[in-house]
Structure formats: C-alpha cells, structure tokens
Amino acid sequence: MSDVAMSESELAELHRELRVVARDLLRRNAAKAGPDQTYPTVDWSLLVDTGWLGLEIPEEFDGAGATFAEVAVVLHELGRAAASTPYLGTAVLGVGALGLLEAGAARDELLRAVAAGEQRPALALPTGDSDGDVTAFRLAAAPVSEGDQPGAGRMVVSGSADFVPDAAGADRILLLAADESGTPVVVAVRPTDPGVTVSDRPVLDETRHLGTVVVEGTEVDPGAVWRFRGTDPAASAASARRLLDRAALAVACDSLGLAEAMLEATVEYAGTRRQFGRPIGSFQAVKHACADMHVKITVGRELLAAAVRALAAAEDPAGPHDQEISVAVSRAKSYLGAAAVDIAGAAMQLHGGIGYTWEGGVHVYLKRALLGRSLFGAPAAHRARLAARFTAL
Amino acid sequence: MSDVAMSESELAELHRELRVVARDLLRRNAAKAGPDQTYPTVDWSLLVDTGWLGLEIPEEFDGAGATFAEVAVVLHELGRAAASTPYLGTAVLGVGALGLLEAGAARDELLRAVAAGEQRPALALPTGDSDGDVTAFRLAAAPVSEGDQPGAGRMVVSGSADFVPDAAGADRILLLAADESGTPVVVAVRPTDPGVTVSDRPVLDETRHLGTVVVEGTEVDPGAVWRFRGTDPAASAASARRLLDRAALAVACDSLGLAEAMLEATVEYAGTRRQFGRPIGSFQAVKHACADMHVKITVGRELLAAAVRALAAAEDPAGPHDQEISVAVSRAKSYLGAAAVDIAGAAMQLHGGIGYTWEGGVHVYLKRALLGRSLFGAPAAHRARLAARFTAL
Amino acid sequence: MTIPTGSGGSTGSGGSTASGASVAGPVDLAEFRAEVQRWCRENVPSDWRRAQTGASAEEFAAFQQDWFQQLRAAGYAVPHWPAEWGGGMPVAQQVVLYQELAAHDAPRLVLGFVSIHHAASTLLVAGTDEQRRRHLPAILDGEIWVQGFSEPEAGSDLASLRTVARRDGDTFVVDGQKLWASGAAHADWCLLLARTDPDAPKRKGISYFLMDMRSPGVDVRPVRNAIGDSHFCEIFLNGVVIPAENLVGPVNAGWQVAQATLAAERGMTMLELAERLGNAGFRWLVDTCRTPGPGGGRPVDDPRVADRLAELETEITGLRALCRGLVERHEADTAGPADASVVKLFYSELLQRTMDFAVEVAGLPAHAELRKPASSGWESGAWVLDFIGSWEWTIPGGTSEIQRTIIGERGLGLPREPAASA
Amino acid sequence: MTIPTGSGGSTGSGGSTASGASVAGPVDLAEFRAEVQRWCRENVPSDWRRAQTGASAEEFAAFQQDWFQQLRAAGYAVPHWPAEWGGGMPVAQQVVLYQELAAHDAPRLVLGFVSIHHAASTLLVAGTDEQRRRHLPAILDGEIWVQGFSEPEAGSDLASLRTVARRDGDTFVVDGQKLWASGAAHADWCLLLARTDPDAPKRKGISYFLMDMRSPGVDVRPVRNAIGDSHFCEIFLNGVVIPAENLVGPVNAGWQVAQATLAAERGMTMLELAERLGNAGFRWLVDTCRTPGPGGGRPVDDPRVADRLAELETEITGLRALCRGLVERHEADTAGPADASVVKLFYSELLQRTMDFAVEVAGLPAHAELRKPASSGWESGAWVLDFIGSWEWTIPGGTSEIQRTIIGERGLGLPREPAASA
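So the protein lines, in turn, are chains E, W, Z and S. Under our numbering, the first residue of the first sequence is numbered 1, with each subsequent residue one higher. Under our numbering, the first residue of the second sequence is numbered 1001, with each subsequent residue one higher. Under our numbering, the first residue of the third sequence is numbered 2001, with each subsequent residue one higher. Under our numbering, the first residue of the fourth sequence is numbered 3001, with each subsequent residue one higher.
There could be a bad hint or two in this list.
What the hints assert, rightly or not - Calculated cross-link-like contacts (lysine to any residue; reagent style SDA-like; alpha-carbon spacing at most 20 Å):
id, chain 1, residue 1, chain 2, residue 2
1, Z, Lys-2202, Z, Gly-2228
2, S, Lys-3202, W, Pro-1058
3, Z, Lys-2202, E, Arg-172
Said to hold, decoys possible - Coverage of chain W stretches by chain Z, computed from C-beta distances (three or more under 8 Å per stretch; other residues unrestricted):
id, stretch
4, 1173-1184
5, 1270-1282
6, 1300-1309
7, 1329-1336
8, 1375-1384
Quick caveat, the hints were computed from the structure, so don't treat them as lab data. Each residue gets a CB set at the ideal place from its N, CA and C atoms; glycine is no exception.
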C-alpha cells in the first residue's frame, strides 16, 4: 500500500470508476456467451488482463497496492453478473492469505507470479458454519527415519477441507493449518504432491467451482511453512480469523450484487409484462414486493459498506479492533445471505412462469444466492457469533 | 356426563346453536354498555343466568353435564366480544379443577354452589412459561404445638401465584399444590383465611382481572385438601398438567375469537372507507393483508378444533393419551397466540388513524391478544415443549 | 347434558373422535387402514427412489405406467371416480388411502395426474356419454393427458388467451401456442382452451376441446424448468383439425367448464400433497436435523432449529386438517368459493418455507445433491432442488398473488379493483 | 495504488474511517463529541423518567419547556437552523449531537418537535422575512406549533382535504375540521392546509396558512389514542379569520409548500429516532433479556432469544447507517425521491418488530407496566405501551402501504395504478 492517504471523496470516486469499468466489461463479456449459457464466464486471462487479480498485491510485487475496499467493488460486480470465475478462490482468498504472511522469498515470488498470472493459488480453509476451529489442517514434525539429514526439520501435514472455492485448477494450495503448538500457519503444497488429493465438488450452482482438498501425511520442507506476520500466536490466530472474515465478507459482496441484479430485472419485467390489461408492476402486490426488495438491499448495502470499511482499515493502527471487524462482517454476512435468497426468490415469483424456466435465468441467481447463504457461515452461525456478546456477562 | 353418545353431526349442530345464542346474547349485552366503554361486561349474574357457569358441572350437581367442547364455544364467543368476565377463572379453571378431583362432600357441595351461582371459585396456578413445575404451592404437616389434638393432622400451605385470572373477587381460592411426597393436590382456602392475601394485579388489558395470590403458612384442615381422581401420583400429576393445558387452550379459544372479530371489523371498514376515490379494500395491499389474516384464522381454527376435541375426549378410555393432548394444545396455543397478535396488529394498521384511537376500540383487542399470547405459556414456551419430541432420541 | 341453547335437552357424551373423516364408521376405516398398510408394505418398491434418481424420461414413464397399473389392480388408482367407471370409494376411505400411501412413501402418480384428475373430472362433469366411454376406460389403461390452458400472454390472466379455433363444417381448426403444458411430451390427449368468438368479452368467447396430440399440426417442444428438467412443454398448433364432437360443453362456454372441472379435483389432490409433506417430507427434514454436521453436533440440538421444526410441524398439522375439512365440505357441497384458494396458498407457501429452512439447515452438502428422484414430490430430501421446485406451486394454477385476490374478493367480499382504463 | 479504472494512477492508502460523518474533520468531531458528552453528564436530569411517569399534561409541558431552554443555552436546541437564527451547526456535528443525546438517554423534545422542525422549515423554505422575524425567535422562546393537515376524510389521501378558506378582503375565513393534530392542546400556532379553490384538481386548489390558535372559532378537542393519552386532537374551525399576510407561498400552492417542507426535516429527525432506538431502547431490551424470570433463568440464555437480539441489533445498525447516509445526501442534495420513504418504512416497521419481541420476551410482568414516562419515545421499556405506540409510526405521515407505493413508483419507476373509474 502506498502511504499517500486518499480522501474519502477521492476514494468514493475511485470506486465509482472501478465499478463503471467493471460493469461495462462484464456486460460486454456476457454478450459473448452463447445463447444457451445462462451465466457469463470471467476466466483467468480476463482476470489477469483487468488487473483485478493483483488488486491487493503490493506495488513492489507488481500489484496495484489497493485494499479489500477495491476488491469488494469487483466482487460486487461479479455477483451482479453471476459470473463464473476463479476470482474468489484466487484473488480474494489466495492473495488475501499471502498478504497476511511474513515476507519471505517463496511467498514474495508467489505473489509476483500471481500478479503476472503465472501462478494460480487457492486457500484451503473451513467453508461451513464451524465457528470454533479456524484451521482444517494439522502440521507435525515428520518422524525421523534412517538416512534423514539430522535437523532437516521436515514436517508432515494432514487434514481436509470441503467445498473449497476454485481448488481444482489451482497449482498451489495454501493450507490453513495449525502447527504443533496450535498456532495457525499457512502450508503451501502442490496438487501433485504425494498425499495431496484435490477433486471437483460439483454443486447445483454451476457458476461456482468448489473442490475437496484432502491431505494425508504429506511431507513438506520448512520453507513451505509460512507464518503470519507478528511472532505472537495470538496475532496469528487473529490473522487466520481475519481470513475467514474476509471469505465471509467476499460472499456478502457477491450476495448484494446478485440481489441488486434481481431487483433490477424484476422492475424491468414488471414494467413491461402486461396481464389484466395493465403492466403487472402497477399492481400493489408486485410494486410493494419490489419496494421490500429495495429496502432490504438498501439496508444490506449499508451493513456491507461498514464491514468493508472495517476490514480494509484493519492494518491501520487507528483502525478497528479485530472484534469490531468480526462483528461488522457477521452483521453483513447474516443479513445479506438471507436477503439475497429472499430477493432472488421474490424475483422468481414476480417473473411468474418465465422466472421458473431455465432460459429465464433467475434460477442461476437463486442457486448462487442459496450457496452463498451457506458458504463461510450461514446466517444463523453468524448471528450466534453476534449473540455471544449479549449472553456474556 | 350422560352416557348417551351423541353423533358428531348432532354435536356440531348443538355447538352451532350454542354459538348463535351466545353471540346474540353478547351482542345485546354489549349494546347496553355506555358509549365510553370500549368493551362489554359479562358479569356474574349473566354467567349464572345463561347456565354457562355450570356447563361442565355434572347434572347430579345441577350443571349441564357438558364437556370442554361446549365451554370452548363460549370462550370463543367471549373472545370475539372481548368481554370482561370472570368466566375463565371461575368456570374454566375453577370448575375444571373441581371436575378432576375425587368426589367428596366438600367438593360436591362447592360444585353445586357454583352451579347455583352462590360460590365463586378461582384456581391459583402457574400462569407463565415455567414448564417444569405445575404447582405453585407447597403443603406440609403443621408443626405440632402444645395443646394440639394428637392426630388432628392439620396441614400448612405456602406459596404464591401471580397473574391469576379472577382471583380477586373469588370467595374460594383453589391452590394447585404439591403435598409432602410431591403429588399434586388442590387445597381450598378462603381469601379471609389467616396468611392468605389476594390482591388485584392490574394489567393494560382492562378486560381481564388478574390477581396475586400469596399464601404464607396458612393452616388448613385435612378436609380442605382435595385429591385428584385415582390414587396414583402419576395420575395426579397428569391431572395437574391437564389443568395447565386446559388453561392454555381456553386462552387459545379466546385468541381465535378475537382474531375473527378483528378480521370482520377490518373487512367491514375496508369495504366502506374510501381514499383516493376507491374503497380501501379494493387496493391489493389491504385486500391481500386481509387474505393473510383469513388464512391464519382458518389454520388456527383447525388446530384449535383438534385440541378441543382431544381435551374433551380425555376422559374417554379410547381417547387420546395425555401426551397427545398436550401436543395438540401446544400447537393451538403457540399458533393462535402469535396469530391473534399479528391479526389485531394488522387490523390496527388497516384501520389507519381510526384504529389508533381509543374510541376505535382496536386497542382493546390488541391488548387482549398480547396478554393472551403470554398467559399460560408464550408461543416460544409451547414450541419448546413440542420441540422436545424432536431432540429426544 | 342440558345446555341452554334454545334447542332443548339433547343429551350425549360430547366425546368425539379425533379423526376428521366422517362418512364411514370408525370400524370400517380402521379395517381399511390396515388393508392399505398391508398392501403398501407388500407393493411399494423399497428402492424406487434410488432407481428413479437420474432416470431417463422413458424409464420414468415406464415406471409410472407400471405403478399406476399396480394401484389399479388394488382398486387404488381412481378411487374418486364413480363406481361405474372403476372408483366409488367413500371419501373417508380415500382420505385414509392417501394418508397411508404418503406414510409408506409410495411413488406419486405424476404422469397420470392430469388424466385421472383434470381430464376425468372434465369428462364426468361436462363430457358426453360418448366422450366418457371413449376416454375413461382408456385412461385406466394408461392414456395420458395434458392441460393446454396457459399461453405466453395468458398466464395469471388466463382469460386473455389467444389461441383460436375456427369452425369449419363438422370440425374446428386451431392455431396458436400453449405454454406450461406439464408432461406434454408423453401425452396422448390434450384438454384445450381456445377462443371461438374473438368479438365476445374475454371470458365469453372461449371453448373447451379434447384434442388428439397425434393430430397433424401439433408440435411439442420441451421447455427446461429452473432445475433443468423438461417436464413443461410448449405446444405449437398450426391448423390442427378437431372434430366438433370433441367439444366439451356448449360453444363459448369453455371458461365455465374449466372453472367447474378445476374446482372438482382440488380437494383430494391437495390432501394428497399435504399428506406427502407431513409424512415422508417432514420425516426427512427431521432426519436432516438429526444428522451430525462436520463438527459432530446435530442441528436439532440447536434450540433455534428445534423451534423451527416445532413451528413447521404445527403448520403442517393445520394444513392436513384443513385439507380433510376441504374434502368433507366438497363432498357435502358446503365449500366456500375461496376455500380451495386458502388451501393452495397456504400449502404452496408452507412448502416453500419448509424447503427454504431445509436448505439452510442442511448446509453446504445440500448443494452437492445434484439430482432428485423422479416420481417424488418437492419434498424429496434433495432440498435445494425441492426448494426451487416449490415455485411450481406458488406460480402455476394461479399465483399466490392471484389466490390472495380471490380470497379477498370471493372469500371475504372485498371490492374488486377498478377496471383498468387502458 | 494503481487501479485500472481508466482514470489513471491515483494513489492513496485506501484506508477510510469507520465513521459515516464527512463534513468536519475527525479531530473537530472527537472534540465536539467529548464536549456533548460532558454537557450530557452535567445536564441530563438523572431521574427524569421517574418524574415524567404519570406526569400531568401541565407537568409534561413545563418540563419540556425547561429542557428546551437548557438545550438552547448550550446551543443544542436548533442546531439545524441557519446560523443567523441561532443554529448553524455543521451536519456532521449534528449527527454527533443526536448520537450523544441518545447515548445519554436525554429527554426527547416532544412538545417543540413540530415547532423546531416543521414550522421552522416551512418558514425558512417558503416564509416571508416578516413571518420569519415574527416566529423564529418566538419559537426559541417556547412558542408551540401544531400541524393541521389531516382530516377525517383525508388521511392517507391528504389531497382530498375539505377544510375551506374563503378570501374575504385582506383575510381568509376558514371552516372545517382537522384531525390527528399532535399536541394541539398546547399549541400557540397552527400550520394549516385549506382548500382555496374548490374547482381546481385536488392538489392544485390548496393553500398553506399560519393560523393563530387563539383566534375566535378555533375549538380544540382531545382525541384519546390507543394507549389512552390525549396527545392527538381534533381542531374544529368555524369562521376562523386568518389575515392574508399569514399565507405561506402563493395562493393554491400549498401542496408544493407542504411537500418541500416535509422533505426538508426528514433526515435529521429520522436520525434522532434511529439513535434513540439503537441506544437506550436497545440497551433496555438487552436488560430485559438479562433479567431472570420467575424460574430463575435469563431469557438471553435461550439461544432463540439471543438470536433475535443479534438480528434486531443488525437491523438497527443498518438503520443508523442509513439515517447518516440520508442526512449526508440531503446535505449534498443527492437524495433520491424515495430515500426518506425507505428510512421511514424501515424504521417504523423495525421499531414495531422490536417492541413486539420485547413484549413477548418480557412476559406477563410487561402487562403490569401501566404507564410510560412522558418525554420518551416508543422504546421506553414500558414494552406493551411502546409496541402499541409504534403504530404512531406505521400509520401517520403516510402509512407503510403509502410508503411502499412511493418507493415502487418514485424510487424504482414502476407504473402507477390506473386511475379509479369511480
């Protein structure tokens, strides 16, 4: 990140421009999709060409040196388009993890390779509701066998993670693991390493590519074990927690985008489709349902903005505490996860028969909204985290 | 109860007639209320004259020998009218308790006196959510002091119950108490007995008269301790449980009645009140809200009917088990408790400014619905009882 | 007992049975229930769900035809038809039959649904003797029907349909397009609404026809639905010739025929759906809630989950009772004009709420269930597909919005919308 | 940073503050916040809730006047007015002021609400210099205003009002009846809408007046509301003479004046309400949930209760941010035509949901709270009264139904209802 502070209005303007460019690009890209395809694809090369991949990568490693606030803009637009893209797994989770790690030759080289589009990382982490454990993998010293170089310090990693975004197709898998003392670290493996299995995990939402990562006793060099910044185990735990928050918030950005798209599509349809001699949008049942969708989106947008601001300012010494960030994220994720499903469902209802067809495409958004509601914590799980503040004391 | 079985259609016809007579009587009675009074009063003498007081009292004690199914019809109509009356405390709870007790001179005499309108009982029992303990009073042997007749067996009763329907004004208080072995019994005291304090507990719902019953070391004769039918402690516990179910179901009957009244008032108003050049009921926002009220009422009516049938058939050896009765009651109470509040609230909304005035009278129903939602178990408490069936195993 | 109702001293125990069925005596019903239970245990294929998961259209159709004949042999296929046509089961027994089929998770009759309900009730209510003799036995032998009502511009506003049937001597010649024709790909015959008087007010110029799907000029094209199935179809009609004897009811009285026949079949079909949701559907939901998650905990041990189960079960109980009541009122001819709408609205939205909850509580693994068994309803346990499929109940057959309007206007007597000035 | 937006290489940290306020710099605001906190600690009467519970109308009015003068002395009474009239506080500071008043549970300005908001904005936006000089200082000295807009037949459909003002030389003579005039019993002056051209289309024949409540022919009668208070009034007007100089804006332009002045005051008043709900209101709700019941258990230890608290707190957080955004957009003149309706709708229904939950969770003891403190809002902790009072937000000022129509039509551009043929 550059040290020249940007004013809030300059930043808003920057985001506006980023948004306009992204939306326009996605619109043109979607037009290239075939007539049978109900969603657009934003592939690796496009991510590289747009520079979106390296948004958060520091300028010294050929990235844009931006923050999560700008990544959020892209995520929001990808959600609006219901685009199929490895952006979440690679740029948001993979780069996000690398950014929280201690600098080091291997890490720095990987960041530079990602910025150039030469390497494609994914982050294997818990993807469901489990709130206790933030690590899905365990790291231990390798058993010393005959012929070992004494003190080589080779390690063994094991564990599994399911429904990992963009795992299949990645050439580096970053495992969020606990070392022997329980401190979170990142272990970098390749899908071709012995003991590592990465497989597709097909889901109904065809726009997402999730995978299962199983690691069984894979030996790694000490150089593949990367530590979070700060030697303090508590700081490492906070960083791991931050990665889960970032994942949840990324999905919330997506949910807002797709909810907006669904409202716009519904308003458009209701303004033109006529039944009983009137546009259906002139009926209160339709109009008021659209109004309720709009209110939910407006509220969700505020909650999301607050969480994005908090997360983007996390490295700022005067910024919010970890707890405040988590609270803001859980509010946004729980609210938008539920709202996006409600809104996509209402869109299906208000589109009538057309909404229920494959070609109508509303189902693409509904499935993505449903998956997003569960991915990185269902609303109930995030509310449970918020609720703990009331039951304490 | 008579032993001549009535067919289902004869019973339905009987209920219809009872309903018509009650509704007509309540309408005529309401017309007599002053212009400033927002609810009608059905006082003691009217309860005696109509015979409603003795509906469930066996014919041998000068009652009508009917069942809870007929009491439910009266409760439903009293709810529709939002009538202020001691019917709940006296006829439903007081008589209900007496009906479950072993026959005996004192109990029989009291039943006969109630049927004649000469005695006014109330039942002191837990009125809130507490699901574990069905008894609010404890019975113990009186300490033997000098001069006592040996073996006189005097007992001491203590405890308290709050928000007891129609306690103030009753001349017999039936305490639902646990004896020294924990078996539920009924202890009959008078408000004038030493150690007994019965006080008004004013609530916002002016149509209900609740009271606090505090009993501190009141000595009673063994003859004032009445046991439930069947010597089995488990049977006594079931009877005590039945009294709480009966109380909850009585309130559910009331909730259905007042919800119906609110829907009818709203439909009437929406059909005549004009805004924007149309009756407001022609707007979908109003029409569809009324439709939703109607659906809730229709569903609630079915749940209530099932619970009333189950409770009324409880004494039938081929009838439902205790557990089935409790389940049916909890379904009806949880659904109607919430539905009545929603419906009275919607009525207030759809009546607009008029609905918010004191004279408009909607508030009478809303307050009664709110109190009814909490009285004898909030929806959440009843759902918890239902939910225990899913968590078990 | 002696109750002061003015009717004088009728006496009786007041005890009533908890069952809502009232036509046959309790003893008969208990016996019949035992009989159906025995039949189900012996006849419901234990592995049909697995076999029907991923089944081809042909496998599905063959399975449905087999199952229909199995039910027919037992006398369970068309219990609601008159005795002379192979039915004649008392309503109270039909209730028991559908309860037990649901309790034993029997396959649903999906393919023949329109045939045994809509087509049969059309023929019975408004058809000629000749039409009945020609089609009712054929339906028993497996003749499949499709409903050709909706059109691209006539969905909720069915009366504005544009398909035209022109009289030509002893025939009608039909041109137009139908949409949302469920199962048209398998259909032999079609219940067709078409406009025969273009100058009459919307509802007054429509006629009702029986159309042979093998007629020249009928072109069926599948439409994929939101879960990727092609159960719905478009039917293109180009100069299709229908003999005048295939008209149902008088010319231009098609709207009334359609209303009468739609109402006739609503009670028992809704009861069947409610029983399905209340039996196997809810059992699987409870199973899902009792299945430990990755962390080892069972969802049901979260009081929030258990609370929702209690709430949904309560609503489903209300629904089932409501359906029994509707069937009885239909039988007694005392049903109100909006009673069927109340049931359809409540069922469809409750189904949707229930499946929404199931998706959320089942978490990520639910999204990896890529297929649901054919021959099952929208409570199959493939929760995401079930949830999406639930819109098949809130949209067709009158959207929930339309049902609310019907309830408000016909049920409660609220004033209609002013006519649009457009 | 270098982001490919097409705008070229702007650089910056991208870090932004979590605060939504943007006009004054962060240092000023922090200092100002500390100042308001200090003032609140020293000036908010610690026992005002107890003292105001059961207060007479006179005690309430006297307390309100005292508190208003206390705020005035600190410069906090009319911060939103222009500097020349005694205000001039930057918007970002006003936000802080209302946040801190809410956080310290200061009494609300109820009696003077219409005076400092509606009356002042009317005078400032559309009044004459003479009118401003006459009334703005008087309001600072305690002059009380009431809004005379609604009528028995003109509630949601305000434009159909019937009160008539006939020109008579240099005066207008008014006859009619106003309803829902909040606080009329204490009022010195009235903002009056009356019809001056009975032949013009509904909205085009209305004029806006300042009416002295001591004029002969003005008769105020209290109307008890649903919780038994008489805050609302009817105002009967019989030949009331209003000098023509008390007209606001041109004759027959009253509708536009009313719209402009209503919009002008919505942002900050909604922000104050949201802060009240989010501060003391929510704190008492949490307290209620933490208070052990008769059985000894705390409601909050029921995960269902804790879940609802989390959900409500989330929504309230969204509301507060929404209000800050609305205030900023008002200031920047970038607010959309339905933004205020979104806030009003969401606030009022969220308030109602929250109070409904509070009533349920507080159980039977909540019903024995027979009075709420005057000078408090509808989140006072007397939950049943608060809940019932919440309809004061979902009905007046445009019902929730009206707000949804405004959002649909003006916010989203959906087509209007066809005009009624009646």
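Does the structure keep Lys-2202 of chain Z and Gly-2228 of chain Z at a Cα separation of 20 Å or less?
-> The hint is violated at about 34 Å.
Assertion that chain Z covers the stretch 1329-1336 of chain W - criterion: three or more residues, beta-carbon distance below 8 Å = This one holds; 3 residues, not fewer than the three required, reach chain Z with a Cβ under 8 Å.
Would you check chain Z against the stretch 1300-1309 of chain W, counting CB to CB pairs closer than 8 Å, and say if three or more residues qualify?
-> holds (count 6)
Assertion that chain Z covers the stretch 1173-1184 of chain W - criterion: three or more residues, beta-carbon distance below 8 Å = violated (count 0)
For the stretch 1375-1384 of chain W, do at least 3 residues have a Cβ located nearer than 8 Å to some Cβ of chain Z?
-> As far as the stretch 1375-1384 of chain W goes, the hint holds, because 3 residues have Cβ atoms under 8 Å from chain Z.
Checking C-beta pairs, does the stretch 1270-1282 of chain W have three or more residues closer than 8 Å to chain Z?
-> holds (count 6)
Taking 20 Å as the top limit, are the C-alpha atoms of Lys-2202 of chain Z and Arg-172 of chain E close enough?
-> The given pair, whose Cα atoms are some 65 Å apart, is violated under the 20 Å limit.
Quickly compare the C-alpha distance for Lys-3202 of chain S and Pro-1058 of chain W to 20 Å and report which way the hint goes.
-> With a Cα-Cα distance of about 68 Å, the restraint between Lys-3202 of chain S and Pro-1058 of chain W is violated, given a limit of 20 Å.
Checked against the numbered hints above, the structure breaks hints 1, 2, 3, 4 and satisfies the rest.
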